[in-house]
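Participant: For reference, the chains in residue letters:
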Amino acid sequence: MVEPLLRVSNVSKIYPGGIEALRGANLIIEGGEFVCLIGASGCGKSTLLRMIAGFEQVTEGDVVVRGKAVTGPSPDRGMVFQDYGLFPWLTVRGNIAFGPAERGKKKADVARIAERFIAMMGLERFADVYPHQLSGGMKQRVAIARVLANDARLALMDEPFGALDAMTRERLQDELLAIWRATELSVVFVTHSLEEAIFLADRVVVMSPGPGRIVAEERIVLERPRDVSSPEFNAIRRRLAALLHADHVKEAA
Amino acid sequence: MATDSLSHEAVRLRREADQRAGVIGLARGTLSLGASRLDLFRVAGEVFANRRLRACLVPLLLLVLWWLGTRGNPDGLIPPPAAVGVALWDLAFGGINDDAFSQMLLTDLIASASRVYGAFLLAAAIALPLGMLIGRLRIVRELLEPSLQLLRPVPVTAWLPLSMIIFGLGPRSAFFLVALGAFYPILVNTVFAVRSVEPRLFEAAQMLGVSPARLFPKVVLPASLPGMFTGLRVGLGFAWVVIVVGEMTGVQTGLGAMIMDARQLSRTEIVIAGMAVIGLAGFLSDLAIQMLGRRLLAWSPLHG
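Residue numbers (my numbering), protein chains in the order written: chain A, 103 to 355; chain H, 58 to 361.
Bear in mind the hints are in silico, worked out from the structure with no lab data behind them. Remember, predicted model here, so these are calculated numbers, not experimental data. The beta carbon of each residue, even a glycine, is placed where N, CA and C say it ideally should be. There's no promise every hint is true.
[Claimed, not checked] Keeping only pairs whose Cα atoms sit at most 25 Å apart, straight-line, the calculated SDA-like set for lysine to any residue is: (1) A:K208 with H:R252; (2) H:K275 with A:P118; (3) H:K275 with H:R252; (4) H:K275 with A:G196.
[Claimed, not checked] If you anchor each label on the Cβ, the simulated ranges turn out as follows: (5) A:G169 with H:L194: 31 to 39 Å; (6) H:L359 with A:E132: 40 to 48 Å; (7) H:F249 with A:S237: 43 to 51 Å; (8) H:L359 with A:S143: 29 to 37 Å.
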């Protein structure tokens with residue numbers, strides 16, 4: 103059996119104090135896949151992502167990346183945070199070069215890598231600017247660039263466009279898809295927007311709270327670029343919305 | 058941008074001033090008087106619109122009040138501004154009183170400034186590393202913080218007698234007291250800065266490959282520089298504040314020693330002149346450290 107890029111088997115998370123954030127999650131992600139996790143708050147989607155990143159320990163089960171159990175954060179799993187997490191004391195170039203430099207690459211190589219990803223994200227004009235001078239969209243481009251510059255195989259994105267205005271969000275979605283297609287990157291993308299999930303993903307994983315768990319998976323077979331107003335798109339949206347809201351209906355009944 | 062809005066402000070103020078002046082002029086029915094008032098208001102408007110000139114308004118007002126309060130009372134306990142001005146001139150250049158204070162200003166200023174900066178550097182050399190240790194290592198925090206917090210409320214003045222016993226009369230005591238004054242602001246701000254590094258930055262560094270041992274130099278240190286710098290700035294200010302107390306320890310030179318000597322001789326104009334020089338020196342010293350901060354911490358929205 104060939105190991106997938108990421109295998110999550112029977113993973114549960116119980117926080118001290120007994121709060122059950124996630125129960126029995128199973129998920130397999132192959133190289134080059136784009137998977138969105140969606141669900142209401144408290145469904146454990148961020149917890150799952152943070153356990154894949156290695157920021158939190160699993161209470162039960164295994165998270166395995168390329169055959170190796172995850173025990174902590176590692177550069178092969180780059181994270182993009184909703185609040186950016188850029189280093190304010192470094193310029194855009196410095197932030198992008200941070201990972202390669204920290205991993206001991208030669209100075210000339212670090213500079214070359216930084217330039218390449220500055221160009222890829224269209225950040226040339228902002229290369230020597232500090233993060234506090236950038237707009238939210240620009241900051242998130244830097245955050246994506248630094249993960250790519252660090253040779254991440256798997257990009258973990260925690261509602262990365264949640265704090266951006268609608269126009270910027272749509273542009274960044276297009277840019278992310280273009281980069282994803284041009285590289286061998288796999289993406290696990292947490293969102294609470296169904297439209298965003300269906301627009302981006304190869305596969306949408308629907309999660310539900312109380313306790314957090316995976317309730318369904320849907321492969322999205324629509325051709326890209328996807329038209330969010332097409333009947334096919336809306337049919338999927340309706341189906342997934344029904345799954346997402348199944349809990350409320352049960353509670354109401 | 059800034060100059061634009063300033064000049065807009067000036068125009069607006071001038072227009073308002075013109076209107077007021079016009080109204081007064083008409084009300085009195087004397088157009089010539091109105092015109093001269095118009096000029097006065099115009100000047101006032103311009104002064105008010107200029108940031109630097111605006112900063113001088115309150116000191117000038119205080120000076121006028123001081124002058125009014127001491128006018129026509131040459132034998133009062135508080136000397137008029139002019140007497141202080143004369144004293145200042147004599148302290149700086151001599152040639153008026155030719156007494157023990159004449160021409161001593163530069164010597165005293167250099168003595169005090171070297172104590173302030175020397176003690177400040179000593180305080181920083183201890184408080185910065187200690188603050189980082191207390192902030193990052195729980196064992197050090199639990200060991201030292203209660204004692205340090207217990208000693209913190211004790212004012213520098215209260216340390217004076219003990220300091221003179223331990224360090225003797227003279228410059229070593231002065232040095233200790235000034236360093237003590239600068240120590241706590243630097244320590245407290247460093248502990249706070251080091252402890253309040255955004256947790257997100259640790260996660261970001263770790264997922265980019267920073268090992269736990271390297272988190273300190275790669276994240277904690279740069280992230281807490283603005284806070285430490287604030288501590289240094291406040292500490293340097295305090296060093297100037299406590300220099301007079303520090304120089305009550307029987308040192309021969311220094312602005313504090315000068316003030317104490319003048320006080321004993323009831324030369325209040327020299328006391329006030331000394332106060333003015335300390336105020337000015339502390340103010341310039343703060344400007345300098347702020348400029349340094351803006352250069353070194355251009356990335357920080359607080360300093361840049």
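Participant: All the hints need checking, so say for each whether the structure fits it.
Facilitator: Here is how each hint holds up against the structure:
Proposed proximity of K208 (chain A) and R252 (chain H) is contradicted: the alpha carbons are some 33 Å apart, above 25 Å. Between K275 (chain H) and P118 (chain A), the direct Cα distance comes to roughly 30 Å. Violation of the 25 Å bound is thereby established for this hinted pair. Only pairs whose Cα atoms come within 25 Å are accepted, and K275 (chain H) paired with R252 (chain H) is accepted, the gap being roughly 15 Å. Distance hint between K275 (chain H) and G196 (chain A) is fulfilled; the C-alpha atoms sit about 12 Å from each other, no more than 25 Å.
A C-beta distance of roughly 37 Å is found between G169 (chain A) and L194 (chain H), which places it inside the suggested range of 31 to 39 Å. Separated by about 46 Å at the C-beta atoms, L359 (chain H) and E132 (chain A) satisfy the suggested range of 40 to 48 Å. The beta-carbon spacing between F249 (chain H) and S237 (chain A), approximately 30 Å, falls outside the hinted interval of 43 to 51 Å. Between L359 (chain H) and S143 (chain A) the beta carbon distance is about 33 Å. The supplied range of 29 to 37 Å therefore holds.
Comparing the model with each numbered hint stated earlier shows that hints 1, 2 and 7 do not hold.
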